[in-house]
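Taking the hints as your guide, dock the two standalone chains into a single complex.
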Amino acid sequence: MEYDSIEREIYVDASPEIVFEVVSRPEHLREWWPDDADLDPVPGGTGELRWGEHGGDPMVVPMTVVEADSPRKFSFRWAYPLGAEPVRTNSFLVTFELTPAGGGTTVRMTEVGFREQGWEVAVLEAAYLDHAAGWDRFIPQLAAYAPRVVATP
Amino acid sequence: MSATSVDDELWSAIGDPTRRRMLDILLADGPGTSTTLSGQLPITRQAVAKHLVVLDAVGLVHGTSVGRERHFEVDRAQLAKAAAQLEAVGAQWDARLGRIKRIAESIQRQRNA
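Heads up: the protein sequence lines correspond to chains P and Y, in order. So that you can map any letter, position 51 of the first sequence is 51 in our numbering, and since no number is skipped, the others follow by simple counting. So that you can map any letter, position 26 of the second sequence is 26 in our numbering, and since no number is skipped, the others follow by simple counting.
Next up, chain Y with everything else stripped away, as it sits in the complex (with noise of 0.2 Å):
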C-alpha cells in the first residue's frame, strides 16, 4: 500500500512501451542520441525525441549535449526508486506466504497426530 505514495508522473512516463524499450536500449549499450535509438526502433527521430522529453522531465534520462548532439542516459537511482517499491510489494509477498506455509503445516500435523 505504501507505493501509493509514487510519483504517479514517473510512473505515467514509464508506462509506455516505446519509452521502457528506449530505456531497455539505454541500459544495455549505454548513452545514445535520438539518432541511435530511432536506428533501433520502429519510429522516426522526432518521435524518439518526444519520447526523450517525457523521459528527461520526470528524470529518468539526463541529456548531455556533446556538439550538435544530446546524448541521453538512463538514471540508475530514479529507476532504483521505482524499482524499491515493487521490491517493498514482493518482500510483502514474502512474508505472506511464509506465514501461510506455517499455518497450514500446523494444521496439517494437528489433523495428522
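Bound-form chain P, shown alone (with noise of 0.2 Å):
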C-alpha cells in the first residue's frame, strides 16, 4: 500500500466520454464539486474552483490540466498557492482514469501529494488500525450507497 496516495475505484453505468466530460468540463465539475469552477480543460488549461457562494466563508482554488486524454485519462494538480506554478511540492495531483467495462466505465481515481504535504500519517494509521479509521469503513459505505444512486430516478 502507498503511504500517499488515495485512490478510489468507482463504476458508472455511461460511457467513457461521457464520463470524461463529467470529470473535466467546468460545467460539471460545479455540480460535484465546487460552488462554482472555471476551467480550460486542455493540457495546461488553469481554471478556479471557488466556495462560498452559498454562505460560508469564500475560498479560491487554483487548479491546471496536466493530462487531457478523452476518453481515457484526465488529471490535474489543485490547492496550490494562488498565483504560484503548480508543482510536485505545493499541490495535490488528482487523476481519473477510464476503462470500458461491461457496458459501462471503471473510474479508478487518485490523488497523491500528501507525502510532499506531510499528510502521510493518516493513511499509516489506516493500514495499520483495524478500527473504524481506514479505508474499510468507507468501502462498504459507497456499496450501500451505489444503489441508491442507481435507483434514482
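Check the hints yourself; a few may be wrong.
As the list claims (entries may be wrong) - Partial list, computed: chain P residues near chain Y (C-beta under 8 Å):
(1) S15
(2) V19
(3) V22
(4) V23
(5) H28
(6) E31
(7) W32
(8) V107
(9) E111
(10) V112
These are calculated hints, taken from the structure and not from any lab test. Using N, Cα and C, we set each Cβ at its ideal position, and we do this for glycine too.
This is how it looks when you write it as C-alpha cells:
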C-alpha cells in the first residue's frame, strides 16, 4: 500500500466519453465539487474552484490540467498557492483513469501529494489499525450508496 | 482543505521512513525500548533514541521508565488525530465520485432516450 495517496474505484453506467466530460468540463465540475468552477480542460489549461456562494467563507483554489486524453485519462494539480506554478511539492495531483467495462466505465481516481504535504501519517494509521478509521469503513458505505444512486430517477 | 490545520510538526515527525518503521514495530509488537527497536532496524541504538525523542516531542509515543530503560509505546489518540484528517479527505472523494456517477448516468440515460 502506498502511504501517500488516496485511491478509489467506482463503476459508472455511462460511456467513457460521457464520464470524461463530467470529470473535466467546468459546467459539470461545479455540480460535483465546488460551488462554481472555471476550467479550460486541455493540457496546461488553468481554472479556479470557488466556494462560498451559498454562504460560508469564500474560497478560491487554483487548478491546472496536466493530462487530457479523452476518453481515457484526465489529471490536474490543485490546491497550490494562488499565483504560484503548480509543482509536485506544493499541490495535489488528481488523476481519473477511465476504462470501458460491461457497457459502462470503471473510474479509477487517485490523489497524490500527501507525502509532500506531510499527511501520510493518516494513511499509515489506516493501514495499521483495524478499527473504523481506515478505508474499510468507506468501501461498504460506497457499496451501500451506489444502488441508491442508480435507483434515483 | 480542512487538513491544512493539522499540526505540521506532527506530520514532519511521521514523514521520516525510519520513524514510520519504528511506529510500525511498536504497533505490531507493543511497547519497546531503543535496544529492542535497534535490533529490528538497520540503525544504531543511539540513532533510534534520537528518533524516539522526535516522536515523543509530538506525542506520537510516550516513554515510561522501567529500571534503567525507557519503554515506549504508540499514542493511538495522536495517530488517530492525523488519521481523521485523511479520513475526511477520503470521505469527500467518495461523495464527489458518487455525484460524478449520478451525473454521468443521468446524461447517458438522456442520450439513450
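*Hint by hint, which ones does the structure fall short of?*
10
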